[in-house]
Amino acid sequence: MDSHVLDTLIARYEAEEGRLLGILSEIQEQEGYIPHDLLLMLSEKLGIRLSRLYSLVTFYSFFSLQPIGEHVITVCMGTACHVKGAEAVLAALEQHLGIEAGATQDGKFSVTTKDNQFTVTIARCFGACSIAPVLSVDGNLFGYATPENLPAILAGYGWREHAD
Amino acid sequence: MRIESEAGLRTLQAAGIQKLKPKQPRIAVGLATCGAAVGGRKVYESLREAIDRAGADIDLVTVGCIGYCREEPLVNITIPQKPLVILHRVSEADADEIVHSVMDDQVPEDKALCRVPSWDHVTGVVMQYGKGFANIPLYEDVPFFAPQRKVILRNAGFINPEEISEYFAIGGYAAAWKALHGMQPEAIIAEVEKSGLRGRGGAGFPTGLKWRITRDAPGGTDKYLICNGDEGDPGAYMNRNEMESDPHMLIEGMIIGAYAMGLKNGLIYIRSEYPLAIERLGTAIRQAREYGLLGDNIMGTGFSFDIRITRGAGAFVCGESTALVASIEGRTGRPHPRPPRLTDPEGGLFKKPSDLNNVETWCNVPAIVANGSGWYAALGAANNTGTKVFSLVGKVDRVGLVEVPLGTTITTIVFDAGNGGANGKKVKAVQTGGPSGGCIPLRLFDTPVDFESLNRAGTIMGSGGIVVMDEDTDMVDIARYFTGFATGESCGKCVPCREGLKHTLLLINRIQAGKATGKDLAILQEVCETIAATSLCGLGQTAPNPVLTTLSYFREEYEAKVRP
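Top line first, the protein sequences correspond to chains D and L. With the numbering used here as the guide, the letters of the first sequence map in order to residues 1 to 164. With the numbering used here as the guide, the letters of the second sequence map in order to residues 1 to 564.
Hints listed in this document are in silico derivations from the structure and should not be mistaken for laboratory results. Ideal Cβ placement from N, Cα and C applies to all residues, glycine included. Just so you know, not all the hints are guaranteed correct.
[Said to hold, decoys possible] What the simulated footprint calls covered on chain L by chain D, stretch by stretch (three residues with Cβ under 8 Å from a Cβ of chain D suffice, anywhere in the stretch; the number is not a length):
| id | region |
| --- | --- |
| 1 | 223-233 |
| 2 | 311-323 |
| 3 | 387-401 |
Construct the complete structure from the given sequences, taking the supplied hints into account.
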């Protein structure tokens, strides 16, 4: 996103209500994260201190300051998913992707694999409780997830089980 | 094409009925978020191909969700002069068979869940479908639906949420017409007060009274009306379905409320986890503007009001009113002490008096205006009028959205509608109210679900999530789960919540690790009581509920894990 694109984005938010979070959400969606230089640019264009923008992107879990991988996997950790085994699904996912166990648990940070293929994060609740446990890959929801059916889901996104 | 006469509205209604009940058969696929996720989208595509292959004259549309989530994907079939038939557990492989049956004016009966000869859309229209298909059970005889009374989900699963014409068909916007053309604002507020409607977001504050306070607050028309669509309780998704399946009912409720309170600025705050709800509401708002239902001079009355959508960004605490406002203003969502309340001068959004009501509260308003306060007050129980949508999830057999009159017992919801535990397991407890609520044991399942009875049992109604626990559920783990949730979502502003919850979590982890003693249980209790008594906002005050209720009702599970 260059300066001109950012200007057009800002121009679409003429009303004050919801403006900052709206702009930041669109940056997050288009870039996959909030790049530092864009945050600086936004601060200058809006005349808002960088520290204030920084407080927003670190407070709200929707934003990430780190670049994300090719595919984003979000595991729902809502109550219905929890009682139906979401923790086991997350643990299996971490194992398959070679991510440190429990690294994603607190929901504040996402974790990206070394090959930059997958980013894993958790959600508080997708509101898709009827098909729990649920995970989403690049926005596509998969219901009734289990440690057993994970490899098939991942394979659809280019994951291969390592022989070692 | 602006609506400026009652005749104009009726013309649109007649045109809409032609879409709902066309001369040719109509197949409708339930495509809310979860229906789409379990294959509904593929069912829709394969039906499209099957219809094209057969060259059949059949309408194919998208509808919302009727709430029987376990049976998805759901498909409705409307054949002229026949009952509407709901098919369940439909797969893409069924497409050709469905299409060929429908071409012969039949339905595949082995896939039929039920038939609907007529449907009361509550806001003035009872849609007559027809007779026939006697072998297929009636809607009201399906055990999941039998205890239900659909007032809020009156159109969900029947109409296309992306077509305003289908909302006109079922009498949509007639209540707004009646209110704006035939009622004084004061009379509308009086009606809502008499109906007994209480806030459906969980607090149960009388809606009419909140409207009156907002109307009387200084500031002229420059106040805010806000819809709280930040449905953050894990396990609750009724607001998502209401917005995805019937967005115009929410908009109509907000128009009526805005007129009653005499204000011009409307906002819907939706959590970012609900992209389809955001998309469909955006479409609905654009359509409403085209018809002169939003914007300047609504329905030719001179009254002006518009709605904008603002998005959350993933913070549970933003469902709290002062945090929600801070979020819309572009600040971090940290609550401040009340008063000042949002309705107070200088207390609301950008220091303007603001009315905040939950999605579901708004959805009740057109039904109240259409049918009168007496009709509404007769639903439900004393001081707890109307219906409430609950999301019945977890280890229950029939998962789904259940709408029942307030005062219905937990037994009716979990056993009559839900058929008890999944896979034949014994139900042990339910958890209501999300992270702010508590667990109720089986022996208290006669408790009527209303605001006060749930409070007496140590939990809250919350937004309506009911998560079922069975004999295999570890109640200490449930307490740990919710405490972990609240710890992560605490905004960090006040000490009892920020530090107290952290220590609560450490104590529970110690119990789970088998390293705790009976003394730790006493400390746990004391810490939780202190957090509840001294936290700044509702999040902290209620966050210990899952621990306190499990300590009280399932103490033996804690004791089994501690050393003497």
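Would you say the region 387-401 of chain L counts as covered by chain D, given the rule of at least 3 residues with C-beta under 8 Å?
holds (count 6)
According to a criterion of three or more residues whose C-beta lies within less than 8 Å of a C-beta of chain D, is the region 223-233 of chain L covered?
Result for this restraint: holds, n = 3.
Verify this for me: three or more residues of the region 311-323 of chain L with a beta carbon less than 8 Å from a beta carbon of chain D.
holds (count 6)
Checked against the numbered hints above, the structure violates none of them.
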